[in-house]
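Enquirer: In case you want the letters, here they are:
There are 2 protein chains.
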Amino acid sequence: MAFDRLIKNIIEKQNPTVAGLDPKLDYVPASIRNACFEKYGKTLEGAAAALLEFNKAIIDKIFDIVPAIKPQAAYYEMYGWQGVRALAETIAYAREKGMFVITDGKRNDIGTTMEAYAAAHLGAVDVAGESVEPFGADALTVNAYLGTDGVAPLLGICRERDKGIFVLVKTSNPSSGELQDLKLQNGKTVYEQMGEMCESWGEQLPGEYGYSGVGAVVGATYPDQLKEMREKAPHTFFLVPGYGAQGGGANDAKFAFDKNGLGAIINSSRGIMCAWKKQGLSEDDFADAARAEAIRMKEDILSVIGEIKA
Amino acid sequence: MAFDRLIKNIIEKQNPTVAGLDPKLDYVPASIRNACFEKYGKTLEGAAAALLEFNKAIIDKIFDIVPAIKPQAAYYEMYGWQGVRALAETIAYAREKGMFVITDGKRNDIGTTMEAYAAAHLGAVDVAGESVEPFGADALTVNAYLGTDGVAPLLGICRERDKGIFVLVKTSNPSSGELQDLKLQNGKTVYEQMGEMCESWGEQLPGEYGYSGVGAVVGATYPDQLKEMREKAPHTFFLVPGYGAQGGGANDAKFAFDKNGLGAIINSSRGIMCAWKKQGLSEDDFADAARAEAIRMKEDILSVIGEIKA
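Line by line, the protein sequences are chains A and B.
Be aware that the first sequence starts at 9, since it is given in this note's numbering, and climbs by one per residue.
Be aware that the second sequence starts at 9, since it is given in this note's numbering, and climbs by one per residue.
FYI, nobody ran anything at the bench for these hints, they're computed from the structure.
Being a predicted model, the structure only gives us computed values, none of them experimental.
If you want the ones that stay clear, here's a sample from chain B, every Cβ over 12 Å from chain A, calculated:
| id | residue |
| --- | --- |
| 1 | K69 |
| 2 | K105 |
| 3 | E211 |
| 4 | K235 |
| 5 | D266 |
| 6 | E307 |
| 7 | G314 |
| 8 | E315 |
| 9 | I316 |
Cβ pair distances, simulated, as ranges:
| id | chain 1 | residue 1 | chain 2 | residue 2 | range |
| --- | --- | --- | --- | --- | --- |
| 10 | B | N268 | A | D266 | 54 to 60 Å |
| 11 | B | N194 | A | G218 | 34 to 40 Å |
| 12 | A | A136 | B | K235 | 43 to 49 Å |
| 13 | A | D266 | B | G106 | 54 to 60 Å |
| 14 | B | S39 | A | D68 | 43 to 49 Å |
| 15 | B | A38 | A | G218 | 45 to 51 Å |
| 16 | A | G49 | B | K191 | 51 to 57 Å |
| 17 | A | P214 | B | G106 | 52 to 58 Å |
| 18 | A | G195 | B | A160 | 28 to 34 Å |
| 19 | A | S290 | B | G164 | 31 to 37 Å |
| 20 | B | A100 | A | Y48 | 18 to 24 Å |
| 21 | B | A43 | A | G49 | 29 to 35 Å |
| 22 | B | K267 | A | K286 | 56 to 62 Å |
All C-beta atoms in this analysis are idealised placements derived from N, C-alpha and C, irrespective of residue type, glycine included.
Can you make the complete structure from the sequences, with help from the hints?
Expert: Dropping the structure here:
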């Protein structure tokens, strides 16, 4: 099961974090940007080339210490199909380096269409008899507002191809409660109901560490809910956004973990990509700064949760 | 306001329908596929070229009678970044022909990331001082499980650039009720709550026909809920999937409309794209068959709702 691979990688590196690669063009140093614009013009192609070079430089500096990356699809789509090509190339590059790749796409649709998303991001597609992987990530984030129809097509592909999904349960943003915190007549909140559905879907994808292939997104910005959901969804592996730039700290994120320090991976995006600013370095030192921040973040979290044990 | 443009187009053509362009490679005639594979190899590039040619042929045959197309992002992503390029080119081609384009992406994320999706699909992005439209659709479907943060960034772009959004309220799939039909302690269902949020967001984008720039997706497969939501969300324009292949008919879809025959647009995807099969024609006649089906569908719906009046 895919999250077994991720968990092994986390234990081996003693690092329960994932680097979010959500590159805006503004984050890319002028030296890289200008070289790409010179080569490809002031075009989406030039912008996409700059993003890819930025990502590769960060991956080169962190792949030996960070188990996973999480590219956010929106930041690539923002640069058109050329940006989406940079997403595909980023995924391929990180996987070559042995990293676990979570495409953060929050995809959702009805059954037949969800099959297409599943094939796109986690599966393969038949092209005149040739099987081709369009994006080839290890896991995909999913919004399950549409219910089981929108999740079931992913479960088959996860089983066949050793992949996983993370379903949005309690998101990290300020207004997440508008819908997610509402109480249902069955006494549960909407997010709790969603967490229960994750546990149920996950029964089809059991894993050797006790966590299924159906994970959940639960934000570090809501530590009480994180704690609640860790208890109520004991087989659900958490992807935890909201650490760093969004305001969550290690003392918030710690509730995502079980007593062995397993059960979750904490994301940082801007904190890693823009680390040079906080460290008072030149923008050209972004990759070294990203590594230093990745080490600081790992140590920050380990100082609270202790050694990660199998 | 963008839906005013759409409504004008609907009235002028007396056609409240949208053609869903969700092309699987299987739907494309062998003659087109083979020509593309010969030119580009049995590759994603070849597949994407075939999708684009298929789409263009349908658009050529329907743009004078159908007001809008709705490409479903999943079916393009399924063919990698090359497929996503075909999506961008399909959008551009349909807009050149005067069609209103709804990208069905069901995008959703936290505020800062939603800004990137908004720029990608409805806005423009700055590339070294040049403003470039990455995809340039007229409207985007959105999943609002994350609340206002995930919708607000779109509202600004909708106002500035004359665009619209459709928020998932009650989807057409069999399991949509698992979450959407649950009753909240405030006495409303989850979908009803979502519809109310659409009415509220829409206040920022009023339109001249009484419908705001924040529409809702409500499936024709749930006529009771469609009728209920038409009453409860009187300023919300509906995008109605589920007609045809999914089982909804004109007598179900009619509840989406107000007394003037306004307030909704009904989608058909497979019904249009694969019309040649039902008509007993050769696959090479797919575009003529699509036109005939578009006319049949329009007449089917008008026979129930009558003339569409401003």
